[in-house]
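Undergrad: Chain residues, written in single-letter form:
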Amino acid sequence: MNALLTLFDLLLTLTLLGLAVVTVTSRELRRAVILFIAFGLLLALVWARLRAPDLALAEAAIGAGLSGALMLAAARRASGRKTSTGEDSDAKDAP
Amino acid sequence: MIRPLEHIIIPLGLIAVGGLLGWSFFLAVTGEAGERLAAVALARVPDSGVSNPVTSVLLNFRAYDTLLELAVLLAALLGIWSLGAAAPGFQPAASVLDGMVNGFVPLLILSAGYMLWVGAYAPGGAFQAGALLGSAGVMLALAGHRNAGLPSEGRLRLLVALGVFVFAMTGLLLMVVGDGFLTYPPSLAKWLILLIETAATLSIGATLAAAYLGGRPAARPTTGETA
Numbered sequence: 001m002n003a004l005l006t007l008f009d010l011l012l013t014l015t016l017l018g019l020a021v022v023t024v025t026s027r028e029l030r031r032a033v034i035l036f037i038a039f040g041l042l043l044a045l046v047w048a049r050l051r052a053p054d055l056a057l058a059e060a061a062i063g064a065g066l067s068g069a070l071m072l073a074a075a076r077r078a079s080g081r082k083t084s085t086g087e088d089s090d091a092k093d094a095p
Numbered sequence: 096m097i098r099p100l101e102h103i104i105i106p107l108g109l110i111a112v113g114g115l116l117g118w119s120f121f122l123a124v125t126g127e128a129g130e131r132l133a134a135v136a137l138a139r140v141p142d143s144g145v146s147n148p149v150t151s152v153l154l155n156f157r158a159y160d161t162l163l164e165l166a167v168l169l170a171a172l173l174g175i176w177s178l179g180a181a182a183p184g185f186q187p188a189a190s191v192l193d194g195m196v197n198g199f200v201p202l203l204i205l206s207a208g209y210m211l212w213v214g215a216y217a218p219g220g221a222f223q224a225g226a227l228l229g230s231a232g233v234m235l236a237l238a239g240h241r242n243a244g245l246p247s248e249g250r251l252r253l254l255v256a257l258g259v260f261v262f263a264m265t266g267l268l269l270m271v272v273g274d275g276f277l278t279y280p281p282s283l284a285k286w287l288i289l290l291i292e293t294a295a296t297l298s299i300g301a302t303l304a305a306a307y308l309g310g311r312p313a314a315r316p317t318t319g320e321t322a
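Top line first, the protein sequences correspond to chains A and B.
Positions 1 to 95 (the numbering used here) are the ones given, in order, by the first sequence.
Positions 96 to 322 (the numbering used here) are the ones given, in order, by the second sequence.
With the rest of the complex left out, here is chain A (with noise of 0.2 Å):
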């Protein structure tokens, strides 16, 4: 039970690290942020493990969550200015 729980543990800190080297060097906008939000809710479990439910359900709801949708925006308006297409036919390629 405890091995399982280490290599549980141990498999969690690497794809955490791996998610936080490749969310940093990729070169997609878009492609970043989906990565950082799956870094923002392993490290929700991250959290839990070590035991601060309070830290997991903030990290989860508004480190994921809500920052994720907030990044999305950002990206898909900064991707939009950067083309310069309309902003009409911009905004309804809807995340």
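It is worth saying that the hints were derived from the structure and are not from the lab.
Take these hints with a grain of salt, some might be off.
[To be verified] Covered by chain A, according to a simulated footprint, are these stretches of chain B (three or more residues, beta-carbon under 8 Å):
| id | region |
| --- | --- |
| 1 | 225 to 237 |
| 2 | 301 to 309 |
[Claimed, not checked] From the structure, some residues in chain B lie toward chain A, with a derived Cβ separation under 8 Å:
| id | residue |
| --- | --- |
| 3 | Val-149 |
| 4 | Ala-182 |
| 5 | Pro-218 |
| 6 | Phe-222 |
All C-beta atoms in this analysis are idealised placements derived from N, C-alpha and C, irrespective of residue type, glycine included.
Got chain A sorted already, so can you dock chain B onto it with the hints?
TA: Chain B alone, transformed into the frame defined by chain A:
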């Protein structure tokens, strides 16, 4: 070709910062157990008006920090609004998504109320509850509701400032009474915390939903509903 700033100075600086962080973490883990604040704070939790230690620290012992966090959120929204009008928004959702949103938004509002109340004795609290309210707003925005269920601009301004206002006013009133800024009298602490958290939840929810719109809200709300 080696550019000195990008290839030498910045990496070296980052390595130095990383080393400093690692060293301080090492010291914190291996350091001898001296006088820690946690024991003092835990001993005083029964006087704080709530039984959840996290809430008692956030809303009582360190209420000043939480007030400043709310102010930061407000300032962020002011920054977003100064960028100009909101994006045009999404087209109205098809019936399946619309039905799902109609089911989920009331559920989210209900669970926000639960989060707010349960924060007194279990994990939860104003920020989590506010995040749930905000996500209800985001969901409405994604389903094509032009103002994410938020009221018109005049009332929205009142709503987003409510948290900081109630928090600061409570502190100032307590100061006038003679207890000091945000030092609650133990008999009233529970109700003061609940009052502040309720105002903060509404503010946080409205702020996050308004931030998702990405600019000043449209002049006329197309629907009369509120979230």
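Undergrad: Determine for every hint whether it applies to the structure shown.
TA: Taking the hints in turn, this is what the structure says about them:
Coverage of the region 225 to 237 of chain B by chain A holds [criterion: at least 3 residues with CB-CB distance below 8 Å; count 6]. Counting residues of the region 301 to 309 of chain B whose C-beta sits closer than 8 Å to any C-beta of chain A gives 4, which meets the bar of three, so the coverage hint holds. At its closest, the beta carbon of Val-149 (chain B) sits 4 Å from a beta carbon of chain A; the interface hint therefore holds under the 8 Å criterion. Contact between Ala-182 (chain B) and chain A, as hinted, is supported at the beta carbon level, the nearest pair being about 6 Å apart and thus within 8 Å.
The interface hint given for Pro-218 (chain B) holds, since its Cβ lies 4 Å from the closest Cβ of chain A, which is under the 8 Å cut-off. Given the 8 Å rule on beta carbons, the hint for Phe-222 (chain B) holds: about 6 Å separates it from the nearest Cβ of chain A.
Against the hints set out earlier in the document, no violation occurs for any number.
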